[in-house]
Amino acid sequence: MSRLLDFVSAVLILTGAVFTLIAAVGLHRMPDTYRRLHISTKPAVFAVVCTFTGAALQMPLAPDAAKLAVALVLQLVTAPVAAHLLGSIAELESQDAQAGPASSGNDSTTSST
Amino acid sequence: MRAVELAALAIIVAAAFVCAAFVLRSHRLVDRAIGLDSMVAILVSGMAIAAAHSADGLWLDLVLLTVVLGFLATVTVARYVQRRGR
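Chains as they are written, first to last, in my numbering: chain V, 1 to 113; chain C, 1 to 86.
Looking at chain V on its own, in the form it has when it is part of the complex:
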């Protein structure tokens, strides 16, 4: 039983580490800000889920595993909100970069560049 838990935990931790590396490399390879946003949310959050679950299986005390579960829920709740805000400011910056033609600006488009 304990050996099975060790094996599952090792597989989860290694999967999480590999997906973290995939997310970091994907930040370089994605050509667009929105695709980079996809990389920084979906594979990175999957890596965090795998790593936290694998680490929680290794914890000898139950409150430590509960802390990891709370951190996991917190990450799952806050990641879409942060990604939505980042996508919002990405759209705002691309509207600023267009600077003028057909810009349905909400307020004074100062066109800094």
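It should be emphasised that the hints constitute simulated quantities derived from the structure, not laboratory data. Where hints are given, some of them may not hold.
To be verified - Stretches of chain V that chain C covers, calculated by requiring three or more beta carbons in the stretch to come under 8 angstroms of a beta carbon on chain C:
| hint | segment |
| --- | --- |
| 1 | 9-23 |
| 2 | 36-48 |
| 3 | 51-61 |
| 4 | 67-76 |
| 5 | 85-95 |
As the list claims (entries may be wrong) - Some, not all, of what chain V presents toward chain C, calculated at C-beta under 8 angstroms:
| hint | residue |
| --- | --- |
| 6 | SER2 |
| 7 | LEU27 |
| 8 | ASP64 |
| 9 | GLN98 |
Even glycine gets a Cβ: it sits at the ideal position worked out from N, Cα and C.
Given the coordinates of chain V, work out where chain C should sit on it, guided by the hints.
Below, chain C without anything else, positioned relative to chain V:
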């Protein structure tokens, strides 16, 4: 088991360097915010693996704190950029 955790930590350190190179190389503010957000995710994963390696509960408080601080930092940057013209 120790070897697995050390290998995972090595992979995560490599990912942190790759992500830091992305943050330093990108030009737009949004890309840097995205890179720093995923840097927080990488850091948190490394802390969880370090907690599993050392079986120490102190890392888990740091994990909770870092998750909350990373979210607040991203929200702060987003609000700052949104209110730039006002």
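Tested hints:
Restraint check on the segment 9-23 of chain V versus chain C: 10 residues with Cβ-Cβ distances below 8 angstroms, three needed, restraint holds. Counting residues of the segment 36-48 of chain V whose CB lies closer than 8 angstroms to any CB of chain C gives 8, which reaches the minimum of 3, so the coverage claim holds. Closer than 8 angstroms: that is the beta-carbon criterion, and the segment 51-61 of chain V has 8 residues meeting it against chain C, so the requirement of 3 holds. Requiring three or more residues with a Cβ within less than 8 angstroms of a Cβ of chain C, the coverage given for the segment 67-76 of chain V holds, as 6 such residues are present.
With 7 residues carrying a beta carbon less than 8 angstroms from a beta carbon of chain C, the segment 85-95 of chain V meets the three-residue requirement, and the given coverage holds. The criterion of a C-beta within 8 angstroms of any C-beta in chain C is not met by V/SER2, whose closest approach is roughly 11 angstroms, and the hint is violated. Residue-level restraint check for V/LEU27 holds (minimum Cβ-Cβ distance to chain C is 5 angstroms; threshold 8 angstroms). Look at V/ASP64: its Cβ gets to within about 5 angstroms of chain C, closer than 8 angstroms, so that hint holds up.
Hint status for V/GLN98 relative to chain C: violated, with the closest Cβ pair at about 14 angstroms, above 8 angstroms.
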